[in-house]
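Student: These protein sequence lines are chains A and B, in that order. For the first sequence, full-length UniProt numbering assigns the number 1 to the initial residue and increments by one for each residue that follows. For the second sequence, full-length UniProt numbering assigns the number 1 to the initial residue and increments by one for each residue that follows.
The reader is advised that the hints may include incorrect statements.
[Unchecked claim] In silico DSS-like links for lysine-lysine, alpha-carbon gap of 27 Å or less: (1) B:16 with B:55; (2) B:215 with B:251; (3) A:243 with B:123; (4) B:163 with B:138; (5) B:138 with A:243; (6) B:163 with B:238.
[Claimed, not checked] Ranges between beta-carbon positions, derived for each pair: (7) A:248 with B:255: 49 to 55 Å; (8) B:107 with A:248: 33 to 39 Å; (9) A:72 with B:250: 57 to 63 Å; (10) B:2 with A:89: 40 to 46 Å; (11) A:248 with B:148: 17 to 23 Å; (12) A:192 with B:39: 55 to 61 Å; (13) A:33 with B:140: 54 to 60 Å; (14) A:72 with B:16: 39 to 45 Å; (15) A:239 with B:70: 38 to 44 Å; (16) B:107 with A:101: 47 to 53 Å; (17) B:148 with A:240: 28 to 34 Å; (18) B:147 with A:19: 46 to 52 Å; (19) A:240 with B:144: 20 to 26 Å.
Keep in mind the hints are simulated off the structure, nothing from the lab. Ideal Cβ positions, reconstructed from N, Cα and C, are used throughout, including at glycine.
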Amino acid sequence: MRSCTKGILEPAAGLAALLLFWQAGAMALDRPILPGPVTVLPLFFQHLWGDLGLHFMASAGRVILAILIAVCTAAPLGLVLGQSPHINRFFSPVITILYPVPKIVFLPVIYVLMGITDFSKIFLISLILFFQILVVVRDEAAGLTPELIASVRSLGAGRRALFRFVYLPATLPAILTALRVSVGTAVAVLFIAEQALTQWGLGYYIVVETYQVLRYPEMYTGILAMGLLGSLLYGLIRIIERKFAPHLFIKDTG
Amino acid sequence: MSMIRIHQLFFGYSGKPLLFENFSLTIPRGESWTLIGPSGCGKSTLLSLMAGLQKPRRGSIEIEGRPLQRPRPESGLVFQDHGLLPWATVADNVALGLNIRRYYGADGRHAPRGWEHDGEKQKKTVSRWIQRLGLEGKEALYPAQLSRGQRQRAAIARTMVMKPDLLLMDEPFSALDPPIREELQGLMIRLGRRESITRITVTHDIAEAVILGEKILVARAGTNHKPQILKNPVALEKDPRTHKDFNAMCKGVRQAMGGLQ
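Please model the complete structure; the sequences and the hints are all you need to start from.
Tutor: Written as structure tokens, this is what we have:
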């Protein structure tokens, strides 16, 4: 019982401290560019059921679609690379060079090639996630020893069962971890991509609809929504991780 | 009746000289064999050929009178590296083979036609073998939480739930400390005799070869043509390790290997 309230109490206290700090800063600065939570929070909850909610949904939809595209393309490719050293040696330099390049630099290229459409924005975000997932899945698949594969095969597993009992459970946690650490970058890039030629999305809302017309309190509701989007995605991935990869949460004693 | 019949086997890795050339070998049912030889002599390769994990270049391997096409679930395989799934608990690891069988269903290939999954029975089988290998109370632990010896026990339990008629073991106890190694060697002898399982153990340890193998196949570096087999009655004694002929037998194996071990 005590540990139960403790688990809620501490984060709540932290949140309260953040709001207090924000309010104090707003009052000290006393300028329109930094309204306090007393102004912003009621607006936020009010607008979340209106236009802000729709902008939120547009952004969330793009990120989720990008995640799906990235997982569906990078995970199988990572598996192939991880299990076949020959193919990996061929692709390794390509990946090594492209992996650290901030994918946002491809924005103009993507816009020219694919047009300034919703899909080009989604493509850009999935490109970021693609390399993150590709690299971890590849390394994870490479870590599966031949002995492990052989012993599972000796228990009667063919290709299908190997996928179900080895490759999927071996790489899913890595995919989720890659997503969790890169979801912040994805949201950041989404913010930039949404500033150009769209009518919906938090990036558009924050820059075009509020900041440029000096609606500062509304701008902060957009920033809050962006924070909410990031932390919801993070939390969701964490929950899936706990469910599907419980062994990651134990202490190694061996 | 023979368990394994290898007929005019040719095998070698590409770009390297053949390990086996026109190599024939018959292993009778219920016997316990050990394969010994210097590293690179092909003893592990021979084991993986018998497991169906590799295919002969020429020649044939029959197990229980049927040509071997792919790994058969009745052949249990135990490696030095236990091969447990790190993300699965001991209970799930031990049940893995049964779950794979259940996943495919009774298709006549992965499980006999007419076979039906029985959850209760499976649970009982799994917990019986967990108990027999002294892992009770560890069912919910992950491999990382076990000692090396316990991991190898879990790997053996996983193999035993499949009711193997043939056990193929590649240096199964090499990574273990001597007392645990001796204990597991004793355990495998008891298990094998009670269930009358044909056992083939690859080892580089002469004492282990003498303790576990009533026949000892000595492989040579380079190409193997005719199998060199030593009969070893010591392994059939109650306690081979303390038997009066144990040292003489070890000496015999050492000589057969070329004396330079």
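Student: If you test the structure against every hint from before, which numbers come out violated?
Tutor: Failing hints: none at all.
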